[in-house]
Each structure stands twice: as C-alpha cells, then as structure tokens.
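Chains as they are written, first to last, in my numbering: chain A, 1 to 86; chain B, 1001 to 1119; chain C, 2001 to 2150; chain D, 3001 to 3245.
Derived from the structure by calculation, the hints contain no laboratory data. There's no promise every hint is true.
[To be verified] DEER-style ranges, computed between Cβ atoms: (1) D/L3027 <-> B/P1067: 25 to 33 Å; (2) D/A3044 <-> B/R1028: 34 to 42 Å; (3) C/P2115 <-> B/P1111: 58 to 66 Å.
[As the list claims (entries may be wrong)] SDA-like mimics (lysine to any residue), calculated; alpha carbons at most 20 Å apart, straight line: (4) C/K2121 <-> C/A2099; (5) B/K1104 <-> D/A3124; (6) B/K1104 <-> D/V3081; (7) C/K2121 <-> D/A3124; (8) C/K2121 <-> C/I2107; (9) B/K1104 <-> D/R3088; (10) B/K1104 <-> B/L1094; (11) C/K2121 <-> C/P2056; (12) B/K1104 <-> D/H3091; (13) B/K1104 <-> A/R77; (14) B/K1104 <-> B/R1028; (15) C/K2121 <-> C/G2142; (16) C/K2121 <-> C/C2110; (17) B/K1104 <-> D/E3242; (18) B/K1104 <-> A/R78; (19) C/K2121 <-> C/G2131; (20) B/K1104 <-> B/N1029; (21) C/K2121 <-> B/I1065; (22) C/K2121 <-> C/A2141; (23) C/K2121 <-> D/L3112; (24) C/K2121 <-> D/V3114.
[Unchecked claim] Covered, in the sense of this in silico footprint (three residues per stretch, anywhere, with C-beta under 8 Å from a C-beta of chain D), are these stretches of chain A: (25) 41-54; (26) 68-79.
Even glycine gets a Cβ: it sits at the ideal position worked out from N, Cα and C.
Below, each chain spelled out in residue letters.
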Amino acid sequence: MSDAVITVSLLLVAGCATAAVVQRDPARQALVLSVLGAVLAVLFTVLQAPDAGLSQLAVGSALTPLLIMLCVRKVRRRGRTKDGAR
Amino acid sequence: MNTAMHVLPYLVAVYVFLTGCYGLATSRNLIHAVGCLAVCQSATYVLLLAVGYRDGATAPVFSDIEPGSRPVVDPVVQALTLTDIVVGATVTALLLALVLQIAKRHGTVDPDELRELRG
Amino acid sequence: MNGWILAATVGLGGGGAAALWGVTTGSPGRRVIAQNLTTSAVCPALLLLSQGYGRPAYVDLALLMALLGPVGTLVFARLLADDLADERPSAWGLTWAAAGLAAAVVIALCVAGGPGRAMVKLLVIGALLIGGNVIASRALAGGFREVRGG
Amino acid sequence: MNRLRLWLLAVGGAGLAALLVAACLDLPAFGGRWHPYGDRAVQASLDRHIANTIASVNFDQRAYDTLGEISILFAAVLGCVVLLREARDEHRAPPEPAEVARPVRRYALLVLPVALVTGLYVIAHGQLSPGGGFQGGVVAATALHLLYLGADYGALERVRPLGVYEASDSLAVCAYLVLGLAGVLAGTAFLANTLLPYGTFNTLSSGGTVPLLNAAVGMEVASAVVVLLAHFLDQAVEIEEEHGS
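Start from the sequences and build out the full structure, keeping to the hints where you can.
What follows is the structure, encoded as structure tokens:
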C-alpha cells in the first residue's frame, strides 16, 4: 500500500516540475513552484523524511515565492518608471 | 509492478533534473532561470531521499516510538537534504539579487539581449 | 491494507492533480485559487498519513502546512493585487467544499485518536486550516485594494 | 545561431539522459535493506541520548559540515546585503500605507504570534521531534513578515529594527564557533560533543551540546532570512530610480 502513495507523490512531483519549467512567466512560475514545494513536502513525508518535509514546507511554500514575486515586482516597476522617464 | 518500483524514484529524479536543465538552458528571463535552478535542486533532494529509503521502515526519530522497535530509514541523507534546502533558498536569494543588479545596470533580464550589449 | 494511507493517496491524487491543472491553466485569479486549494488538499493528506504510519510526530508537518499555506496565498494575493484587481477571483463553492473535507478528516482522526493532547493539537490544526483557507479566499476576493507602494 | 544552440542542447541532453538512466538501472533496488551508514548513525545517536537522529547527524556527528553550511548561508546573506544596498542614483521613498480588508488584517495579526511560537517550538524540540534550527528559523522569520502581509511595510519596519537582526546573525555564527572552540579548550576535539552530560533520553536537555548548536543555527537562520527579506522588500517597495537617469 505504501508503494501506491509513493508512486502518486512521485508522479505529482514530476508533473509539477514540468509545469514549473514550461511556464515562462516568472510570476506564474512562482505559483507553480509554491505547489511544487507542497507536493515535495508530501513526497518527503512518504519517504519517511519528516525533517526534510518540514524544511521544504517552510522554504518552498512561503519564502521562495515571496522572493521571486518581490524580484518580479522590482523589475516590472523599474520597467514602468524607465518608460515613464524616457 | 514492483520491478518498476525498484527504479521509478531514480528515474523521476533524473527526469526532473533534465527538465530543470532544459528550462535553464532555454530560458528567456533570468528570474525564470532561477526558478528552473530551484527545480534542478529539488531533483537532487528526491534522489538523495530515494537512496536512503527502506521498505516498511519509519523515520529515525524516536520521540514517539521505542528505539529499535521498528526498522528505520537512513538519517544521513536526510541531514544532507535538510540543510541543503535552506542553504539553497539563500543562494537562490543571492542569484535573484544578482538578477536585480543586471536589470538595473543593463535594463533587461533577457540573457540573449545581454550578450548583444557586450558586443 | 491501511485505510488511512489509502484515503490519503486518493485525496492526494485527486486534490493534487486538480490543483496542478488549475495552477497551470486559466486566468491568474483561477491559478491563485488553485494554489490556495493545494493547502487544503495536502494538509488533510498529511494528517491521514500521520495516522496511517502510526507516527504522531508527523502531525507537526500538518501544523506547519496549515500555518504557512495561507501565508503563501496571502503573499500572492498581496503582490498580484494589481493583476487580480479587475478579476475579483472568488470560488466560494470550492472553498467551503475544501473546508468541509478538512473538517471531516479532522473529526474522523479525533474519533480514531481518542481524547487527549493529540486531539487538542488536531483541533488546533483543523481550526488553523479552515480559518486560513477562508481568509485566503477572502483576501483573493478583494482583500487588497489597488496596492501601489505598500 | 539559435538553431545550432538548440541542436547542441538536444544532443548533450540526450547523451546525459542515456548515461543517467544507465546509472539508475545499476543502482541497488529502491527500498533495499543495506544502509551501513544509517545503522551506525542511529547507534551513535542513541549512545548520546539524542532522540532525533537527524539532529544528531547534523549537530554532533557532522557538526563540522554544518559549520560549512552556515558559513555559506552567512556569505549568501552578506552578498545580498552588499548587492541590494541603495545606490547613489536612487532615493528611498516612504512606502504608502496599504488598505487591507479587516478580516485579513485580523487573521494576520492573530496568526503572527502562533507562527512565531511554532517556529520557536520547532527550534527548541530540534533534537527530539522532527524539526530543528534550520526549519524553525525559516518559520519564525516568515511569521514576522505576516505583519507586512496583514498591515503594510511601514508597520513592519517600525517593529523590525534591521541592525539588531544583522548583529544577531553574526552573533549566532560566532556562538557556533565558540561552542566548537570550547571543545578544543576542554581538551577534546573541535565541535566534539563531550562537554556537557548527555542527560536523560527524550528530554529537552538531552544530547550535550546539540541543543545549544541547534539554538545557534536557529537564531542565525531566522535573522539571516529576516535580513534577506528586508533588503528585497526595500528594493521592491521603497527604493526608486532618480527620474531622468
């Protein structure tokens, strides 16, 4: 029975990773990376690694998306002011 | 079914790693490239933890079970993965800071345009 | 044949696939809602796995998921406020369905687990999960007016 | 030029894929029973009365490697602080207050203490239940930024004095080093877990120096993440270009 849950988690991780790479817009990619973080945490729990799962949850679901979204906002805002200035 | 199970996690790790590399190589936006690098890193975590797994075993944390009462998985790979996830996040932050600097100095985050600027 | 792990597998497969499909296609508003629903699909699965594996220590994972999942959605609601402003995405049907699922899972586990400190922890996680889910949907449906600087 | 590059990527990728798949087929079967390092690590951890073997591997058996990890973390934060500082041609505009819906503000201000306490709980129980300095630090730091999500950046800046966090970041790394040197001064090896008694199994004070190293890493990761997010938020919200530059 535990093989089935491992297989489902692995397939979900593979799907999320593909979606994260195919998605070219960084803001939308941050969304997919957040889902990838949650699914990875489940895969780590299923592989009996709760510490790594906790770490992935803490980093993947709130920290990395926040960093990427702030970076996108700064680059987008810089583009707008530069166009305005020209 | 279980003969496929013997190698499935490793193949998924390889697949995720190659997908991340493909995204990294063909990215037209540096922030997107940093996201693809994070995908590559997560592939290494999957491989590490898959190597340490043991059938029917549980986590080597004995706060709620008796030590030795149940088989346990390998704690060494988990320690490697655990620290690497957090350090990977700060290195991703450093890469994003570099991307901000490039956006400030060259006004673009597209790696192809950057190459022309130097020419 | 451990029923808890089977339930977790079904919840994970269904919820995870739906969330992944929702977050990759459709309008930005729908994608953020799908991201919000990932939390309420994954957290009950973690609780069921903790019960299925017979490891009360795994409940900390579900606690952290219930805490940080909605925070992630608030991050997106806050920083995508400009894109979401025109859309006002709100899927209250889905939100209440997810809240109902979470409540059912928590009650089932409380019954199985029996009274004691573990049940209190389960109830706290259930409350955080359902509260976070509803508030995150509320934030998406127009929590942040036009946010330029802040 | 682009076609050649894609073609090169395809050939290289296919070659790498073939080699990796061949390697995977030779790996021992997934879920095998032979884990020599794991069994010895668990035995060493139980000898030192540490319930969470992973914390024992991280802070006792391979404490020197964790020293390398936190120095990488410190260097990354240092790099971000240097890169994201305010340049000459930029000025700092005060952040406009954001209007946040009442229930969202109440939720953020309610969950903030809960998340902070959970972060500290995850750090404190590092060597007992799943968790540790690394995860707890990130949770505590993320909890602090609920104030930015619930209210606005001005509120967060008033509550979070950045100098304190930068000082505590370096202080925590020094604390880790001093704990290591204490081993040398006491006549055993650097970062050796022979200073303090191992205490009774599965209690907060068990495991000798592991809880102390764990707390030092927790403090360092928490302040590092706060400093990182502070500089990114400054860039995204406050610092603007001089127009006409």
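Hints and how they fare:
1. D/L3027 <-> B/P1067: 25 to 33 Å: holds (29 Å)
2. D/A3044 <-> B/R1028: 34 to 42 Å: Between D/A3044 and B/R1028, where Cβ atoms are some 50 Å apart, the hint is violated.
3. C/P2115 <-> B/P1111: 58 to 66 Å: holds (60 Å)
4. C/K2121 <-> C/A2099: holds (18 Å)
5. B/K1104 <-> D/A3124: Answer violated: B/K1104 to D/A3124 is near 42 Å, above 20 Å.
6. B/K1104 <-> D/V3081: holds (16 Å)
7. C/K2121 <-> D/A3124: holds (18 Å)
8. C/K2121 <-> C/I2107: holds (12 Å)
9. B/K1104 <-> D/R3088: holds (12 Å)
10. B/K1104 <-> B/L1094: holds (15 Å)
11. C/K2121 <-> C/P2056: holds (10 Å)
12. B/K1104 <-> D/H3091: With a Cα-Cα distance of about 14 Å, the restraint between B/K1104 and D/H3091 holds, given a limit of 20 Å.
13. B/K1104 <-> A/R77: Given pair B/K1104, A/R77 holds - Cα atoms ~11 Å apart, limit 20 Å.
14. B/K1104 <-> B/R1028: holds (17 Å)
15. C/K2121 <-> C/G2142: violated (32 Å)
16. C/K2121 <-> C/C2110: Satisfied, since the Cα-Cα distance of roughly 10 Å is no more than 20 Å.
17. B/K1104 <-> D/E3242: Holds, at about 12 Å.
18. B/K1104 <-> A/R78: holds (8 Å)
19. C/K2121 <-> C/G2131: Distance of about 15 Å is within 20 Å: holds.
20. B/K1104 <-> B/N1029: Given pair B/K1104, B/N1029 holds - Cα atoms ~15 Å apart, limit 20 Å.
21. C/K2121 <-> B/I1065: holds (19 Å)
22. C/K2121 <-> C/A2141: violated (30 Å)
23. C/K2121 <-> D/L3112: holds (18 Å)
24. C/K2121 <-> D/V3114: With a Cα-Cα distance of about 13 Å, the restraint between C/K2121 and D/V3114 holds, given a limit of 20 Å.
25. 41-54: holds (count 4)
26. 68-79: holds (count 6)
Of the numbered hints stated above, those contradicted by the structure are hints 2, 5, 15 and 22, listed in ascending order.
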